[in-house]
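K.L.:
So the chains spell out like this:
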Amino acid sequence: MKLIQRHDPDFFKGGAAYKTALYAFAFSQCVWIGVGALHFDPVIRRMIPGLSFLIYVPLLLTLFGGAVLIGMVLQDVLADFFRQFHYGERFAFLLIHVLVFCIPIVLFMRFFLSFCLLSLNLFLALTLVNRQSFTRLYASNLFLMSMVILKQPGVSPIWILGGFLLIASCMSLDYFYFKASDYGESRGMPPIEFRRIAFKYVLPPVLLGIFLFWTLPPIFRQYRFQGIHLDIPASRLQLPPKELSRLVLNTVILTVLFMIGLALLYWLRKKLKGRKPPTVIRMKGVMTRVQKFVKEKILHPKGKKGMGPKDRLILEYNRFCMEMRDAGYPRESSRTPFEYSRMLEAPSGDLWETVEKITHIFQDVMYGNRDVEETDVVRFQGDVEKILGGFVEN
Amino acid sequence: MNPEYRLLTKRTILVFFSFFNLYAGYMVGSRLMICFGFTLLFLLVFTWHAAHNFFRDIKAERLHYPRVFEEEQIRVRIRIEPGTPIPLYMLELTDTFPAGDSYWIHSLLPEPIDSRSTVEVEYRTECTRHRGVYVLGPLKMTCSDPLGIHRRRIELPVITDLLLYPTAPDLEYFELLEDGTLSQVGMETLLRPGHSEEFTGLREFDYGDNPRHIHWPSSVRNQKLLVKEFREDITTEVTLFLDMRRLSLSGVGDITSVEYIVKAAAAVARAAVDKSHMVQFFALGGNKEHVPLGGGYQHLITILDRLTYLRPKGESAFEHDLALHIPELKRGSTAVLIASATSIHPEKLSPLVRRMRDRNILTTVVLIDDRSFIKMWREQDFRWKKALPIRQLQEILRREGCSLFMAAKGDDVAEKLQAPLK
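Note that the protein sequences, when read in sequence, are chains R and H.
If you read the first sequence in the working numbering, its first letter stands for residue 1, the second for the next number, and so on.
If you read the second sequence in the working numbering, its first letter stands for residue 1, the second for the next number, and so on.
So that you can see chain R by itself, here it is in the shape it has in the complex:
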């Protein structure tokens, strides 16, 4: 199978190498969020007072740089390796995630969520081989960001904005990269297209978020009616670590329940929207008879009602034929009325003339479009009775 695509060559001039850009953005995202987490997390700063900016920035750069580089270089080998996993091995891989997550707990004998997520990030960066690994990385980084915002009232909005933009860019790049690699497509998109995507899809949510940030009044009653101010720490509760942990747990449980509810609603909608034939209500017993009566007698009545003299005359001739059949003179369907009349052996000349007469009338009415009055029908009926009487007597 050979696939050829036609398009305007001027419109499409090749583009950036998705892979390099994707891994570069993944690296920047991990470092940016990691640095922010270490810088803003009050718990870490309290527990490790000597951990300064000059120590952790180069450390994170080196660690994440190395991990992402390994993930990038060994992507094909690792992807093949992971693809061969069966269910047991997949579960073992999940356990490795958990073990890596717990390394900081073993080292410090304390639970530092930010540290745990950072170590997990490092492991994820090392195994960035398929789109699932990237999704895990986004989840971990978003969790890290949410935790830091929750714990630190004075976190910089620039850091949040930067983190969000990096995650969104990475999402976009991984979509393009993995789609193209699925089809072995070497052509890319011009960078201007990415700028368009950013303006169309990423910038509006960011602007709306900033707008909300500037306009949203303080949540709690005691802080309201004090005007819009940017004194963020002053307008929120300062929870002790224990309360905070409980809140996080509660929120996670509630969120999971909310998502299950959403999933159920989605499933229900899909089920209800399925292609079903319209419901037919079958009526039983009396109702069926009533329905039949209404349909046959009122809506679509049949029978003598509405029949004109012409129809009645034809019916009379048919009755004549049927009576004659019973008397031993059947009329075959191939016989014309005149052939039939000649076939009948009339007992007398008078009767013969009457037969000829009714046959003439029938022919004229049936095929000649002759107008018939009520009196004609009555006369016709009389003639038919006369003939039938004559034949039956004989």
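It is possible that some hints are incorrect.
As the list claims (entries may be wrong) - Taking CB as the label site, the calculated pair distances span: (1) H/His49 <-> R/Leu265: 10 to 20 Å; (2) H/His52 <-> R/Asp76: 31 to 41 Å; (3) R/Phe53 <-> H/His52: 37 to 47 Å; (4) R/Val294 <-> H/Arg116: 51 to 61 Å.
Think of the hints as simulated: they come from the structure by calculation, not from any bench.
C-beta atoms are modelled at their ideal positions from N, C-alpha and C, and glycine is treated no differently.
Position chain H relative to chain R; hints supplied.
P.N.:
Below, chain H alone, put in the same frame as chain R:
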């Protein structure tokens, strides 16, 4: 794992963290967290809106030749016109092509397309399936928003028919058919002055003769009516009899005895048309298909068209049906019988062959050894045991003066038709 049932997707994590941030932000009164939650939610909504409108008023059409021969390549073009100005990024197309090896043809459009652009995707694929009518379509399209959050898929009812003709191989050395006496039969009208026949002589007028052919000077001279006689140019006729009964079908899938019969018929018809003969065919069996005599490539197309639709059906004996059509054959013509070997009953066929020989009809038999295929029906078990061995059958037919050809499973029919059995 099926991507449809994957829990950890971009959409799930965005829903999770937007709700998480909104709830936790509200609980602690963090405006920043609420805004972050809303930002994630807005991202979800914007991308959902785009994905929801991707395929609005989208138009697609498939263009291809309506007919193609088996094992030939076909070029299929799919033209797409999006109906919305929202660009479609990385649009995946899946076309249904049942006539080829790969039932689904996948392709990707790496460039963004919107209502201002019309894109044409073209693929060439080999029609590897056997003859018949194939319905191409529907056309499936899958696309996501440029962040890959919401995936949308539609199925467009772009349905077209493809008529897959049986292969009609070129038989260079099909020696039984000599060149016809009139060239270009059925292909062009010969415009020549006067009569196209050659004058041979005069004879006495007979009742029913065309008065225009009376030669008046000679009639006056001889005192009796004389008419001109012309030599009649005739075109030889080739009649194909195909065994299309239910029990002549053996084998499964694309490799069946009936396919071999049809292929042989197509090859002989082509050879006959190439050599300017008039051709007709009868499908014996339940179908009773008949293509009347005709010549030229247009007629060949008609024959192939009918061969495409032939299906084995019916129970009547091959010889019985053949006997009904023998009186319709012209003297001096050629009859080509193409049948499964176990369908032939020599004791019934021999008198028919003799009848044809008496009328100077040249009989050619193409035997398809159906016993080399997989058995299809239970009744064949008995029939195959009862049938004569192929060698014996060949011997009898040769004795009756038939020209013989034979093909079995795996043979190249065209090759076998060029090498008569001695």
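K.L.:
Confirm or reject each hint.
P.N.:
Taking the hints in turn, this is what the structure says about them:
1. The hinted window of 10 to 20 Å between H/His49 and R/Leu265 holds, with their beta carbons roughly 19 Å apart.
2. Between H/His52 and R/Asp76 the beta carbons are some 36 Å apart, a value that agrees with the proposed interval 31 to 41 Å.
3. The hinted range of 37 to 47 Å is satisfied by R/Phe53 and H/His52, whose Cβ atoms lie roughly 45 Å apart.
4. The hinted window of 51 to 61 Å between R/Val294 and H/Arg116 holds, with their beta carbons roughly 58 Å apart.
The structure meets every hint from the earlier list without exception.
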